[in-house]
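Asks: Each chain is listed here by its residues.
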Amino acid sequence: MIRVDNVKKVFGEFEALKGISFNVNDGEIVGLLGPNGAGKTTAMRICTGFMPATSGNVFVNDYEIHNNADPIKEMLGYLPENPPIYNEMTISDYLFFVARLKHVKKLDQQVQKVMKATGIKGMDSHFIQTLSKGYKQRVGIAQALINDPKFLVLDEPTVGLDPNQIIEIRELIKSLRGDRTIILSTHILPEVSEICDRVVIIDNGKIVAEGTPDKLRDIMAYTNKILIQVAGEVEKTKKICENFKGVKDITVQADNRLLLSIEGHNDIRSELSSKIISENLKLKEIRLLEISLEDIFKKLTVEEQGGK
Amino acid sequence: MEGFIWTLKIVLLLLVVGCFFLPNVKNIFWREYKSFFTSWIGYITLFGFFIFTAFFIFLAWKGIVYYGQKPFALINITGFVIGTIFFVPIMTMRAFAEEKKSGTIELLFTSPIKTYQIVIGKFLSSFALFITFLLLSLIYILYIFMFEQDPGADYKLIFSEYMGIIYLGIGMIALGLFLSSITKEPFVAALSGIVLGFFLLFLSQYAVSESEGSLMQLILSELSMISHVQDMFQGIIKVKDIAFFLLWTVLFLSLANTAVESHKWK
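Just so you know, the sequences run in chain order A and B. By the working numbering, the letter at position 92 of the first sequence is numbered 92, and the numbering carries on one by one without gaps. In the working numbering, each residue's number is its place in the second sequence (first place is 1) plus 1000.
Hints were generated in silico from the structure; no laboratory data involved. Don't take each hint at face value.
Stated by the list, open to error - Cross-link-like lysine-lysine pairs, in silico, DSS-like; alpha carbons within 25 Å at most: (1) K1026(B) / K1156(B); (2) K1034(B) / K1101(B); (3) K239(A) / K174(A); (4) K121(A) / K106(A); (5) K150(A) / K1114(B); (6) K215(A) / K174(A); (7) K248(A) / K206(A); (8) K136(A) / K1184(B); (9) K133(A) / K113(A); (10) K8(A) / K1026(B); (11) K1100(B) / K133(A); (12) K284(A) / K245(A); (13) K133(A) / K1026(B); (14) K1264(B) / K206(A); (15) K136(A) / K1101(B); (16) K1264(B) / K18(A); (17) K238(A) / K248(A); (18) K1184(B) / K106(A); (19) K105(A) / K1034(B); (20) K136(A) / K1100(B); (21) K105(A) / K1026(B); (22) K150(A) / K1034(B); (23) K106(A) / K1100(B); (24) K238(A) / K282(A); (25) K136(A) / K1009(B); (26) K1034(B) / K106(A); (27) K1184(B) / K133(A); (28) K275(A) / K236(A); (29) K105(A) / K1114(B).
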């Protein structure tokens, strides 16, 4: 378990983290989410023991990270935003170097294992500088896994990759789920809902929301919207909707579409569709527009900025 | 001769302790050493040093340029001194600057290794590389002994000269590593190392021009690394010269350690 307890970090005049606290339970994947400059990388660097906090503590399995740095670092895997690779080395030499650095016992076995897991098996003698960005990222992940870490910290693992590579890396991270405790930072929101068990949203050095992706959606559910498309007679449909209980606001869109804002958690689709059909209108489509994490994220960070 | 053996003992002790009793140092040492030979900068530095010193020796051998007190000094010290001042900063420029620039410092800082072990590992690998340079230059000795009836210098003098160059190399490596630790740009580290090296060389020359026995002459010559190897080149070993290089190396490696450590706070 990783416990971040009221961590503050100040660089000169700039307060990068303003006292953040969160837990990551064993076997859990937690996504650290936030816009650029929110403090994600600083938080992760403190969690890995790369830099000390100005105040507050990080505990890994109840051991304070800065006073027990070496034993904790042996259990830790870290992929920074830019993979920490030596371009002039071959993949094999590099992984052996990192394995020795992390005091891995069975070197050959472990190097072969991570190369297989990250899809770079058989590429031992390839020089890292000749690899594509996607493969460099795989090598970066391989080095993070070389010591079979109990704690894995991944900073923007899919940044700069093409769509196919993103899918591959996400699948790889998902396959690591199990007894590993993973902290993952990203600003790509679908990644969080796809991979993470829990989300911690950071903005401007503070935690603005925390919970499962579903829970965060539920919190924001009052903004649920319904989209209706009819074949003609938009104004008549609009009038029917305006008089319907639970409809808060209506916006007319192109192609005879109406976007309805609904109060609370009410799903009024069946009643509303019956009403529209009973009025002899031709209903082409009616569906609930689920709020995306993007919307939650925007709302939270905008609210935060507005509140400053 | 005794001084040379003494130097060898120190160096071997450092290598043995570093490589066999500190596995982390050994790991850093080999990575650095091997990496040097898989990058273009390694070969350019190696052959640059080789050709540069060969050129100076050729000039002296053929009597085109006259150096030193001997009619023909077997090892042309001027070439080696300038070669060391010029090529050692290039050799050490990437040591920390590149780690910071490429982000690999994050790997080192999140691994169970102490900063001083990284510094010692890099120092020893740079030193081993420098010795590789010098071993390559032994080709000149063999060649000249084969073709020259009267080389003008005996093997004892050659050993003394090599010892002086080794001490100069150690001093320049420590300085180069420190300069590499305070910047993210390898080029800046190399350039500042070369400029400082030549400044120290001119400082010793300037000291000679000062009035004999004056305080200024004493300060200038004691500050310059070059002044401390002059006697070694003549086969005279002084404890104060060895102590100077020992202090110089410890000072700059400690400063490098502090500068690298401070990166954690930025």
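Asks: The structure should be examined with respect to each hint, and the outcome stated for every one.
Replies: Structure-based check of all given hints:
1. Of the pairs offered as hints, the one joining K1026(B) and K1156(B) is violated, with about 33 Å between alpha carbons and a cut-off of 25 Å exceeded.
2. For the proposed pair K1034(B) and K1101(B), the alpha carbon gap of about 20 Å is at most 25 Å, so the pair holds.
3. Taking the CA atoms of K239(A) and K174(A), the gap is about 48 Å. The hint is violated against a cut of 25 Å.
4. At most 25 Å may separate the alpha-carbon atoms for a hinted pair to count; K121(A) and K106(A) meet this at roughly 17 Å.
5. Distance check on the hinted pair: K150(A) and K1114(B) sit about 22 Å apart at the alpha-carbon level, within 25 Å; holds.
6. At roughly 21 Å between alpha-carbon atoms, K215(A) and K174(A) fall within 25 Å of each other, so this suggested pair holds.
7. Taken as a hint, the K248(A) and K206(A) pair is broken in the structure, with Cα atoms around 33 Å apart against an allowance of 25 Å.
8. Taken as a hint, the K136(A) and K1184(B) pair is honoured in the structure, with Cα atoms around 22 Å apart against an allowance of 25 Å.
9. This hinted pair checks out: K133(A) and K113(A) have alpha carbons roughly 22 Å apart, not beyond 25 Å.
10. Restraint check for K8(A) and K1026(B): the C-alpha separation of about 37 Å exceeds 25 Å, so the hint is violated.
11. Only pairs whose Cα atoms come within 25 Å are accepted, and K1100(B) paired with K133(A) is accepted, the gap being roughly 20 Å.
12. Between K284(A) and K245(A), the direct Cα distance comes to roughly 22 Å. Compliance with the 25 Å bound is thereby established for this hinted pair.
13. A threshold of 25 Å between alpha carbons decides the hint, and for K133(A) with K1026(B) the separation of about 30 Å lies outside it, so the pair is violated.
14. With a CA separation close to 22 Å, the supplied pair K1264(B) and K206(A) stays within the 25 Å bound.
15. Taking the CA atoms of K136(A) and K1101(B), the gap is near 17 Å; set against the 25 Å cutoff, the hint holds.
16. As the CA atoms of K1264(B) and K18(A) are separated by approximately 19 Å, the hinted pair is consistent with the 25 Å bound.
17. Distance restraint check for K238(A) and K248(A): the Cα-Cα separation of roughly 12 Å lies within the 25 Å cut-off, and the hinted pair is therefore satisfied.
18. Taken as a hint, the K1184(B) and K106(A) pair is broken in the structure, with Cα atoms around 35 Å apart against an allowance of 25 Å.
19. A distance of roughly 23 Å separates the Cα atoms of K105(A) and K1034(B); the hinted pair therefore holds under the 25 Å criterion.
20. Our distance criterion of 25 Å between C-alpha atoms is met by K136(A) and K1100(B), whose separation comes to about 18 Å.
21. With a CA separation close to 16 Å, the supplied pair K105(A) and K1026(B) stays within the 25 Å bound.
22. Taken as a hint, the K150(A) and K1034(B) pair is broken in the structure, with Cα atoms around 31 Å apart against an allowance of 25 Å.
23. The hinted pair formed by K106(A) and K1100(B) fails the criterion: a straight-line CA distance of about 30 Å is larger than 25 Å.
24. Of the supplied pair hints, the one linking K238(A) and K282(A) holds, its CA atoms being roughly 13 Å apart against a limit of 25 Å.
25. Simply put, K136(A) and K1009(B) have alpha-carbon atoms about 43 Å apart, too far for the 25 Å limit, and the pair is violated.
26. As the CA atoms of K1034(B) and K106(A) are separated by approximately 22 Å, the hinted pair is consistent with the 25 Å bound.
27. In summary, the hint linking K1184(B) to K133(A) is supported, as the alpha carbons are separated by about 23 Å, within the 25 Å threshold.
28. Of the supplied pair hints, the one linking K275(A) and K236(A) holds, its CA atoms being roughly 12 Å apart against a limit of 25 Å.
29. Under the criterion of a C-alpha separation no larger than 25 Å, the hint pairing K105(A) with K1114(B) is consistent with the structure, at around 19 Å.
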